[in-house]
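Residue numbers (this note's numbering), protein chains in the order written: chain A, 1 to 348; chain B, 1001 to 1297; chain C, 2001 to 2348; chain D, 3001 to 3263.
Don't take each hint at face value.
Claimed, not checked - Only pairs whose alpha carbons sit at most 20 Å apart, straight line, appear in this in silico SDA-like list of lysine to any residue: (1) A/K312 with A/D254; (2) A/K75 with D/A3171; (3) D/K3125 with B/W1032; (4) D/K3125 with C/E2062.
Just so you know, the hints here were simulated from the structure itself, not pulled from any lab data.
Just so we're clear, the structure is a prediction, and the values are computed from it rather than from any experiment.
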Amino acid sequence: MTALLQIRNIAKRFGTMTAVDDVSLDIAENEFFALLGASGSGKTTLLRMLAGFEVPSAGQILLDGRDISAMPPNKRPVNLMFQSYALFPHMTVRANIAYGLEMERLPKAQINERVDEILSVIELAAFANRKPDQLSGGQKQRVALARALVKRPRVLLLDEPLGALDKKLRGAMQLELKRLQHEVGITFVVVTHDQEEALVMADRVAILRNGKLLQCGSPRVVYEHPVNRFAADFIGVMNFFEGQAQPDGLRLPDGTHIASDQHMPTGAAIAAVRPERIRLGSGDNTITGTVRALAYHGLDLQLHVETAHAPKPVTVRLTADRPEAQTLKQGDAVTLGWAATDTRIFPA
Amino acid sequence: MRPGVMPPGRSGLNNAMNSRSSTILIAPALAWLTALMVVPCVLILALAFFRRGIYGGIDYTFTLENLALVFDPLYGSILLNSARIAGIVVVIACTVGYAAAYAIATLPRAWQPILLFFAVLPFWSNYLIRTYAWMVLLNREGLITQLARWMGYKGEMPQLLYTEGAVILGLVYSYLPFVILACYAPLSRLNPEIAEASQDLGASGWTTFRRITLPLTLPGIAVGAVFVFVLSIGNFVTPALLGGGQFQMIGNVVYGQFLTANDWPFGAALSMVLIAVMMVLLLLQTMAVERGTRADG
Amino acid sequence: MTTPITSLAAFALFTVLTATVSQGQSLTISNWDGYMAPDAIAKFTAETGNAAELVLHATNEEIMGKLIASGGEGYDVVFVSSPFAEILHNLGLAETLDHAKIPNLANLYPEATKLAHDPGNTFSLPYAWGTTGLCYRSDLMAAAPTSWNDLLSPSAEVTGKTTMLATDRWLLGAAFLANGMSVNDTDEAALAKVRDTLIAAKKTLLAYDDTTFYAKLVSGEAVLTQAWDGWCNYGIGENADIKYVIPSEGSDLWVDTMVIMTGSENKDAAYAFVNYILDAGNHRWAAENILYKVPNKAAMEGLSPDLLAQFTNMAIAPADLLKYEQLRDVGDAQRAYSRVVTEVMASR
Amino acid sequence: MDSPARRNLMLLIIGVTFAFLYIPISVLIGLSFNEGGMPTAWTGFSFKWYGELFRNADILNAGLNTLIVATCATALATILGTLLAIGVEIRRRRGRALEALIFAPMIIPDIVLAIALLSFFSLLKVPMGLHTIIVAHVVFNLAFVCAVVRARLKSFDWSIVEASSDLGASAFTSYRRIVIPVLAPAIIAGALLAFTLSVDEFIIAFFTAGAGRASTTLPMQIYAMIRFGVTPEINALATLVIGVSVTALALAQRLNKGGLPGQ
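Go ahead and model the full structure; you've got the sequences and the hints to work with.
As structure tokens, this is what we get:
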């Protein structure tokens, strides 16, 4: 089966600046897909090309196998939920939502029916006659979503959909969005800079850096098996140790050996391990160091341990209620260990 | 990229309807301004280089006489005198206007818009009527004289109307609202914490004003000053009405060349001077503003 | 705003309408405001069947500017003072008059056909005439003024309460006469003398005023003014203490004339119009209502003695009027005149 | 910092300034209701001069001419100025020359524009009349409308136009249903200012008018009344003219909170 949305070697240049550089992606029907990247990574430009606001400099965008690269935004069966929501300030909630259907020249009765339907889905029926400036941030976000969804697009694009909400609301809305996507059965493509948001919501995540696609896969794959150090660094926290590759791992400049089940031929390489994979006490790999800082995060305790093996302190996350975590204090000498299977090796 | 507000040039709007539609939108107004402002002004420039016919009209032979005449001591002195009167008007209007704007800016935020509205209101009402009001007040048998008599003043009143003072007063009165507006804008944008920081660092109120507030609000004063100067030096109505025809500003001479002496080429040459003065002042003002913005980072 | 195209169309229509209205075929007559009976045009049309439109000019210079700019097109009959009629004649814009078409010419005083600027009325017809002198408040002056010098170097009593005419020729005229010169003198030394006289006089002046000096006399703002006799009569009409005197040095003889334009497309109607004005009854209206002397014997003879008693300057005999020199076109010397006036105006 | 003495000084400055600004106008308004009509004595309250005003054919004629000029000039200037503002704001590159050209009509001395247009029209042998006043007024009116609309566009969220396009609207529909309605308060405010300016404008009208009553506007009539002998009707006329300006400005201010040029 071919993918719903096929992005083929797409590129976008603004003058001398290349915003998107030869990206290819397939997005399937009914998928919740996240484009993840820091600001300037090209994720928004990619999204705007999907929406039709930018014309690709090279490559193609196929929707249901049809090239839509040159199709103007108002003709595409694709809708965008704007980061600022872009609600029409002079129209009521109802008029905002009905606008897209009016553009389709649907009969009035049908428009009303569909608007009422979506209003009840987003639970804003009571606010139908308000103007956008009389709504809260979360309500505006839902109106923007409804306005795009009511068109029943083939693909719904969401530009930082939760960016303007406060942290607590954001957490709730992540699950809400996922539920909604499931309910309406529409393909969602979300742009976000928040890796946690991407991991929580998306079926698959694509990581972009400097306009290039770094990695694309399920949240588990990109978290557990980053393809290179940038992907590893971007998602979650990662400790790095630089050295020379060896058949069974890597040798640090001071001679310490780091064991890994991954293999790399030879040359400069980097070993990486997640903080939550490190334990107090020895393991396949063992190093020692001094606690420089402790931070209590409720569920866990985060340590910064200064070692002789890396220029930056090693970050360690311990479950806060473990007995050894109770007595640790700044200046304590500690031994850190982790498994070879938890060690990733990348070229430097 | 700021969320939501796409900077022009990157926005999708521009891709859909960018420079071409921008040109279509701009074209009608631009054509209008070109046909009815630029071309006529260029025409005036050209006229200045032709001879006047004996009975008026234009004799199309090239001459520099008109331009030379502009720098003739007679017209030079009129120009200087106009500049002097306009200069006095600028100083008075900017001092009073700045003080008023400053005072308005110190009041509670809620009052400011309404006060500003009432300060600006006269500027938008009829210029002639505002000037005429002063004729009613100042003339020898006018309200001020009446008031003085009523209060028991027996002597001869000094002549108030048809004096240079009356012309200056009329011009200040006409343009003061504009100065208040121009000075208020930067004053209201001023972060009060900056002045507080200055005082916190040991400066007195006056030093704070002189070293902090005044330099930061100079661009507003510059805008006000340029407008008032240009409008004053080219004015012919106020000198005619409040000056009793005895005070020739450069505007009156231009008026006279076109409507009385029928010497259009010389009138055109004189108005070139007005345009030149305006341009020089605008340039200076732009420089002042740019220095101001560089100074406050 | 909703229908910009409609308003645009309305504007276009309006422009066309105004343009066509101003292109009408009727006579166009230009005169000073209030210098003719308000119903004169209507009565002329009723009597002769010729349509006519009256337009107004504020000054000789204004109408001259328009006539010269347009090459005389668009006007059929204009009312201008005699030096300006001469200019129109010199420019070839004034029709050479066919006296056979103006039977009412016979109503004129014989003196009115011998005027220096146009002996035999070849291109202009006198409409009104008179003198320029001093108009003053007899009750506010210890002694009646007798000389131009009473105005130009006033006594302390009237200093700051005098006005002079602002129009070039008459302003200069006062100083020419005071210095015993011709009102048409173009000699450089004479002009320098006149300039000095006027600059000295300016320091004692209340204002230059062509139009409201009589009102200033009535209110008491001014007590001694340079005035045209007819206009002084407005003041006399409001306050019997206002008097008019011709200074001992003399006056100019001013003559306001009617000129038919060579460019007129309807000359017969234009002749009919000037002939209509010269009718004894019609011309009398001007004398009775605007209080100017008219050079029409038949009209003047019909005036009531009361009027002549109240406005004594109207009783002057035509022969006496002709003793005074008329203002003449001075050709290129006009520039020198303008310069003197500018120098006076610029002085402080 | 905020001592009572300082506060009183500020109130005094404001009081004096406002007295200076408003006493002359108030005197005219007061006199317009004076039965005797002269400033010399108060002879009783009366609407007599307003009655006179409405019987004065010249004033009514001038008032009608002014209304025609202001309405036509405002309509044209509003369309041209709004399009110009939008066009300039969405433009990628804005040269100084373009900015200067748009700014020029607001700063150029009236007398210069007036004589330039007079020379222009008479050289082209364009017969002058109300239509020449209208096209001349559009020159500065459109600059003011443009300034007001541009001030609003500075904070305009262009993403709503993209949203409209995304939801299926054509460019024209987006302008008609989104851009223009959202800008409407600023456009109307600009139009009201333009109307006020046009109603009060004297110098350019004076020079570009045709002969006679057919193109005499109210300010020209007022100038003539001031120059050629004052009648008490002028106070009543002044009161009405001020009333019109105040109403238009108050409406503009209300529609366009704080967005008048220069603010």
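Take the C-alpha atoms of D/K3125 and C/E2062, compute the straight-line distance between them, and say whether it is at most 20 Å.
17 Å, holds
Holds or violated: are the alpha carbons of A/K75 and D/A3171 at most 20 Å from each other?
OK: A/K75 and D/A3171 at ~12 Å, within 20 Å.
Is A/K312 within 20 Å of A/D254, Cα to Cα?
Judged against 20 Å, a Cα distance of about 15 Å means the pair holds.
Given the hinted pair D/K3125 and B/W1032, is their Cα-Cα distance within 20 Å?
Between D/K3125 and B/W1032 the Cα gap is close to 19 Å, so the pair holds against 20 Å.
The structure agrees with every numbered hint stated previously.
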